[in-house]
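> Residue strings, one per chain:
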Amino acid sequence: MKKYLFGILAAVVAFTGVAFKEAKSSKRADMYVFEFKSSQPYTQGNVQNTSNAYWEYKGLNLSGCANINQKACRVLVSADYVDDPDSPTQLSGVSITATQSGTTAHVTGISGTGNLYSNQAD
Amino acid sequence: MNTHKTYRPSLTERTKWTLTVESIAAVIMCLFLFTGLDKLYNYKQFRDALSKSPVLGNVAGLVAWSLPVAEIFIATALFIPTMRKTGFKATILLLAVFTIYLSYMMAFAPKLPCMCAGLLESLSWKSHIIFNAVMIVLAIIGIVASGKSSSVGSRAPPS
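Each protein sequence line maps, in turn, to chains Y and S.
Residue numbering for the first sequence follows the working numbering, starting at 251 and increasing by one per position.
Residue numbering for the second sequence follows the working numbering, starting at 21 and increasing by one per position.
Only chain Y is shown next, with the shape it has when bound in the complex (with noise of 0.2 Å):
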């Protein structure tokens, strides 16, 4: 039994830290995570348009890109901005400014507090 009181107080450790780590990852507020259809043109127009024909919703607490801006890629939306929180499919109340750069668009502003963007590259 001696041998295993390292491992059992590491066990013990690693499951107390995944315990409180998603305690404490429960309180935060959730974030709706939309992304640019990547099946359509990444215009100014369209990345500005908020429609679900262009930002589909991908899931909660999803990461962002990989941040280069090239063109347009992710917003995340608190539950005010979503069509119905329960079961989002389109963005609602927020609006996207875009910038096109060459052949592509990128987020360059979204409204609302706490609402964020990510770009990527092309």
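Treat the hints with care, since some could be wrong.
Cut-off 27 Å, straight-line C-alpha distance, at most; resulting in silico cross-link-like pairs (DSSO-like, lysine-lysine) [unchecked claim]:
# : chain 1 : residue 1 : chain 2 : residue 2
1 : S       : Lys105    : Y       : Lys253
2 : S       : Lys105    : Y       : Lys252
3 : Y       : Lys271    : S       : Lys146
4 : S       : Lys109    : S       : Lys36
5 : S       : Lys36     : Y       : Lys253
6 : S       : Lys64     : Y       : Lys271
7 : S       : Lys168    : Y       : Lys253
8 : S       : Lys146    : S       : Lys36
Chain Y is nowhere near these chain S residues, computed Cβ spacing over 10 Å in every case [to be verified]:
#  : residue
9  : Thr32
10 : Lys64
11 : Val75
12 : Leu98
13 : Thr106
14 : Ile120
15 : Ser144
16 : Val164
17 : Ser170
Think of the hints as simulated: they come from the structure by calculation, not from any bench.
Glycine included, C-beta positions come from ideal geometry on N, C-alpha and C.
Keeping the supplied structure of chain Y fixed, place chain S upon it in accordance with the hints.
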């Protein structure tokens, strides 16, 4: 006259090596259990983050479950004293592959967010490489100490 000499191994030295092995195994075990469980718990997010990787994008689904399973297997190997050496070797292999991946990412996609577990999430790519190197060194010390702890006192007594 008693001609039989009693050879008493240095118990303190053996204990020292055993303690070293057990401490290192516990640290690495804790790390792998924590990161493995965290990845499984946040499977969806982890898989999504991998799918954004330029290297692992195509195999994101496979890596998303096989990596945490491998981490938990290594943690289990480190828990069992007879499998500890194998656990240390697997640790070195896994961390070496991970470090190569991190180096590639640092060179080609340095701004991609790191989907690491717990405290490691706040580390930069560079800090993560340093952290991995420290863990690899610990695992090497673990292998050496495993050898020492089993050989001390088991050698033939001096004539």
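> Determine for every hint whether it applies to the structure shown.
The hints, checked one at a time:
1. For the proposed pair Lys105/S and Lys253/Y, the alpha carbon gap of about 15 Å is at most 27 Å, so the pair holds.
2. At most 27 Å may separate the alpha-carbon atoms for a hinted pair to count; Lys105/S and Lys252/Y meet this at roughly 19 Å.
3. At roughly 24 Å between alpha-carbon atoms, Lys271/Y and Lys146/S fall within 27 Å of each other, so this suggested pair holds.
4. For the proposed pair Lys109/S and Lys36/S, the alpha carbon gap of about 21 Å is at most 27 Å, so the pair holds.
5. Of the pairs offered as hints, the one joining Lys36/S and Lys253/Y holds, with about 14 Å between alpha carbons and a cut-off of 27 Å not exceeded.
6. At most 27 Å may separate the alpha-carbon atoms for a hinted pair to count; Lys64/S and Lys271/Y meet this at roughly 16 Å.
7. For the given pair, Lys168/S sits about 17 Å from Lys253/Y by alpha-carbon distance, which is consistent with the 27 Å threshold.
8. Distance check on the hinted pair: Lys146/S and Lys36/S sit about 33 Å apart at the alpha-carbon level, beyond 27 Å; violated.
9. For Thr32/S, the shortest C-beta to C-beta distance to chain Y comes to about 17 Å, beyond the 10 Å cut-off, and the non-interface label holds.
10. At roughly 6 Å from the closest C-beta of chain Y, the C-beta of Lys64/S falls inside 10 Å, breaking its exclusion from the interface.
11. Interface exclusion of Val75/S from chain Y stands, the closest Cβ pair being 13 Å apart, more than 10 Å.
12. The Cβ of Leu98/S does not lie farther than 10 Å from every Cβ of chain Y; its closest approach is about 7 Å, which violates its non-interface assignment.
13. No Cβ of chain Y approaches the Cβ of Thr106/S within 10 Å, the least distance being about 15 Å, so the stated non-interface status holds.
14. The claim that Ile120/S lies off the interface holds: its Cβ sits roughly 20 Å from the closest Cβ of chain Y, which is beyond the 10 Å cut-off.
15. Separation of Ser144/S from chain Y is adequate, the least Cβ-Cβ distance of about 14 Å exceeding the 10 Å criterion.
16. At the 10 Å boundary, the C-beta of Val164/S stays outside the reach of chain Y, the nearest C-beta of that chain being 18 Å off.
17. Look at Ser170/S: its CB is around 13 Å from the nearest CB on chain Y, clear of 10 Å, so calling it non-interface holds up.
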